[in-house]
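Peer 1: Sequence:
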Amino acid sequence: MPIPSLPPGAALPGLARLPGPAGPWARAYVVFNRRLALYGRAAVMSACALLAVPAMPMGKIAPAAAVAFAALAWCWIHLWLATASTARPRLLLFLDVAVMTALCLSQRITVPDGQPAHGSTWILVSVNFTAVGYQLMQPPFTAILAASWLCCADLAGAAWRPRHAWTDALPSVTWVLVNVILAQVVVRLVFSESRAADEAADRAARARRQGEAAEARCAAEREYLAALHDTACATLLIASAPWASMRPETLRAQAARDLVRLRAEQSPAGEVDLASELADEIAAHSLHVITRFDEDLGTVWCPAATALRGGLGEALRNVARYAGVDVVRVTAKRTQHVVTVVIADRGVGFRTERVPVQRIGIKHSICGRMSNVGGRATVESRPGRGTTVRLEWPRA
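The letter at position 384 of the sequence shown is residue 453 when you use the numbering used here, and the numbering goes up by one with no holes.
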C-alpha cells in the first residue's frame, strides 16, 4: 500500500496549515512524514500486540488476546484507510482516537498485575508512537489535542488497574507529552528548512532562466550582426572598393537580396530544404562553384539551415576577395544525423593564426554562427595550398 506522492497544487495533509508555500522539498517531507508515521506505527503496534499476549497470566490470556487481535486488526485497517485516495482524514482521526482510547482503558485485562513499571507496558509504547505519529500527519493544534487526550486516557486506564494509582503512571505519561512537543518542534523546523530549500531552488531556477534568456538574446544579436556583416556591409564594402565596377542595377539587386535575407533572419521557425537554401546562396555569387550535394540532404531546422547558408556565403565571399581564384568546390552530405558542408578552393591561402583580431568574418560569421546553433566550423589553410572551410551540424 504505497503512499502516492503529492502532485503540485494538491492540499498538504496535516501540514497544510503551516505558514508559507510548499514546494517540491516541502511536499517530499510531508510524504516522508506520512510514510514514517503510518508504517512505523503499524510495525511497532503489531510487535507489541503479538508479544503482549504470552506475558499475560493463564487466566487473562483469552481476553488479552482478543484485545490484542482487535488492536492488530485496527492497526492495519487504519493503514489501509489512511493510504486510500477516498479517505476522510477527520473521520479517520476520530475513529483512531476512539480505538486507542478503548485500548488505554483496557489495561485491567491487557497488562499483567505484576508489572509495576508503567513505562514498560505495551499500551504506553503504542500510545507514544501514535501520539508522535499525529504530530507528523495532523495540523499542530489537532495533533497536540489528540495526543493529550490519549495521555489522559492512558492515565485513566492505569488508575483502573488493581493496586495502581494514576500518579504511578504520571512520570511516564509526562515523557509522552515531552516527545510530542519535541516532535512538533522538529517537524516545524524541518518543514521550514525544506521550504527554504524550495525558495533557494526557485531563485536558482529564475536566475538560470534569466541567464538563458540573456544568452538567447545575445546569440540572436550576434546572429543578426553576422548576417548584417555578410549582406549589407559586404555589399557596401565591395561597392566602395577602388577596383569595384558594379553597375547601379546590380547593386540595387544585391541590396534587395540583402534586405530579404535580413528579414528572414528575424523569424526562423520550422524546417527548410537544405539543398535549396545552399543553392540559393551559391546563386548569389559570381564565382564558378562546382557543387556536389547528396540526394538525401532533406530538411533541417531553420536556424541550422540559416547558419549553414550564412557560413557558406561568408566563405564564398572570402574566396572572391582574397583567394585569387574564381573556382571553388562545395560539397554537402548527411551522415546519419550529421550534416556537413565543405567549401574548398585552391587559392593563395593564409595562416589562420595570423588573422587580425578586428576581422570578424571567420570568427563570427562562420565559427560563431555555427556554434550558436550547436554546430561546429573549422577553417584549414596554408599559404599556397588553398583554404578548406568545414561546417557541421549538429556537432560531430
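Rather than coming from a laboratory, the hints here were simulated on the basis of the structure. For every residue, glycine included, the Cβ atom is placed at its ideal position computed from N, Cα and C. Be a bit skeptical, because a hint or two may be false.
Claimed, not checked - When the alpha-carbon atoms are kept at most 20 Å apart in a straight line, the in silico EDC-like pairs for lysine to aspartate or glutamate are as follows:
{"#": "1", "residue 1": "402", "residue 2": "342"}
{"#": "2", "residue 1": "129", "residue 2": "182"}
{"#": "3", "residue 1": "402", "residue 2": "349"}
{"#": "4", "residue 1": "432", "residue 2": "342"}
Stated by the list, open to error - Pair by pair, the computed Cβ-Cβ distance ranges are:
{"#": "5", "residue 1": "139", "residue 2": "160", "range": "15 to 21 Å"}
{"#": "6", "residue 1": "93", "residue 2": "402", "range": "43 to 49 Å"}
{"#": "7", "residue 1": "160", "residue 2": "265", "range": "32 to 38 Å"}
Peer 1: Look at each hint and say if it fits the structure.
Peer 2: Results of checking the hints against the structure:
no.: 1; hint: 402 <-> 342; verdict: holds (13 Å)
no.: 2; hint: 129 <-> 182; verdict: holds (10 Å)
no.: 3; hint: 402 <-> 349; verdict: holds (17 Å)
no.: 4; hint: 432 <-> 342; verdict: violated (26 Å)
no.: 5; hint: 139 <-> 160: 15 to 21 Å; verdict: holds (19 Å)
no.: 6; hint: 93 <-> 402: 43 to 49 Å; verdict: holds (46 Å)
no.: 7; hint: 160 <-> 265: 32 to 38 Å; verdict: holds (34 Å)
Hint 4 from the earlier list is the only one contradicted by this structure; the remaining hints agree with it.
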